[in-house]
Amino acid sequence: MIANVQADYMLPIYACILCEYVYDEKMGLPEEGIPPGTAWKDIPEDWCCPDCGATKHDFVVKDY
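The sequence shown: position 34 = 34 (the UniProt record's numbering), numbered continuously.
Treat the hints as calculated values from the structure; they're not laboratory data. Heads up, a few of these hints could be off.
[What the hints assert, rightly or not] Pairs of lysine-lysine residues, derived as DSSO-like cross-links and limited to a Cα-Cα distance of at most 30 angstroms, are as follows:
| no. | residue 1 | residue 2 |
| --- | --- | --- |
| 1 | K56 | K41 |
| 2 | K41 | K26 |
| 3 | K26 | K62 |
| 4 | K41 | K62 |
| 5 | K26 | K56 |
[Claimed, not checked] Ranges of calculated distance between the beta carbons of each label pair, as one might list FRET restraints:
| no. | residue 1 | residue 2 | range |
| --- | --- | --- | --- |
| 6 | I13 | G53 | 15 to 21 angstroms |
| 7 | C52 | M10 | 23 to 29 angstroms |
| 8 | G53 | M10 | 16 to 22 angstroms |
| 9 | T55 | G33 | 26 to 32 angstroms |
Just so you know, these numbers come straight off a predicted model, no measurement behind them. Where is the CB? At the ideal position from N, CA and C, for every residue including glycine.
Using the sequences provided together with the hints, build the complete structure.
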């Protein structure tokens with residue numbers, strides 16, 4: 001059980017450099033058809049930030 005909690009904790013979070021919107025792999029974006037647990041690499045390249053329209057390339061890994 002502890003191993004699962006640690007694994008969940010370590011999932012990366014990505015932040016938009018333009019508006020600071022956060023994509024959390026653990027949460028996904030169900031409202032956009034991206035289920036919880038979806039890795040950043042599996043999000044389509046043409047996906048855009050839902051807040052400002054920035055491209056996927058405008059996101060960086062956020063430090064915990």
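These are the hints, each one checked on the structure:
Restraint check for K56 and K41: satisfied, since their Cα atoms lie roughly 10 angstroms apart, inside the 30 angstroms limit. Distance hint between K41 and K26 is fulfilled; the C-alpha atoms sit about 13 angstroms from each other, no more than 30 angstroms. With a CA separation close to 14 angstroms, the supplied pair K26 and K62 stays within the 30 angstroms bound. Restraint check for K41 and K62: the C-alpha separation of about 15 angstroms stays at or below 30 angstroms, so the hint holds.
A distance of roughly 17 angstroms separates the Cα atoms of K26 and K56; the hinted pair therefore holds under the 30 angstroms criterion. Checked against the given bound of 15 to 21 angstroms, the beta carbons of I13 and G53, roughly 20 angstroms apart, stay inside it. For the hinted restraint 23 to 29 angstroms between C52 and M10, the CB-CB distance of approximately 27 angstroms keeps it satisfied. Checking the proposed 16 to 22 angstroms range against G53 and M10 shows it is violated: the Cβ atoms sit about 29 angstroms from each other.
Take T55 and G33: their Cβ atoms lie about 18 angstroms apart, and the range 26 to 32 angstroms is violated.
Hints 8, 9 from the earlier list are contradicted by this structure; the remaining hints agree with it.
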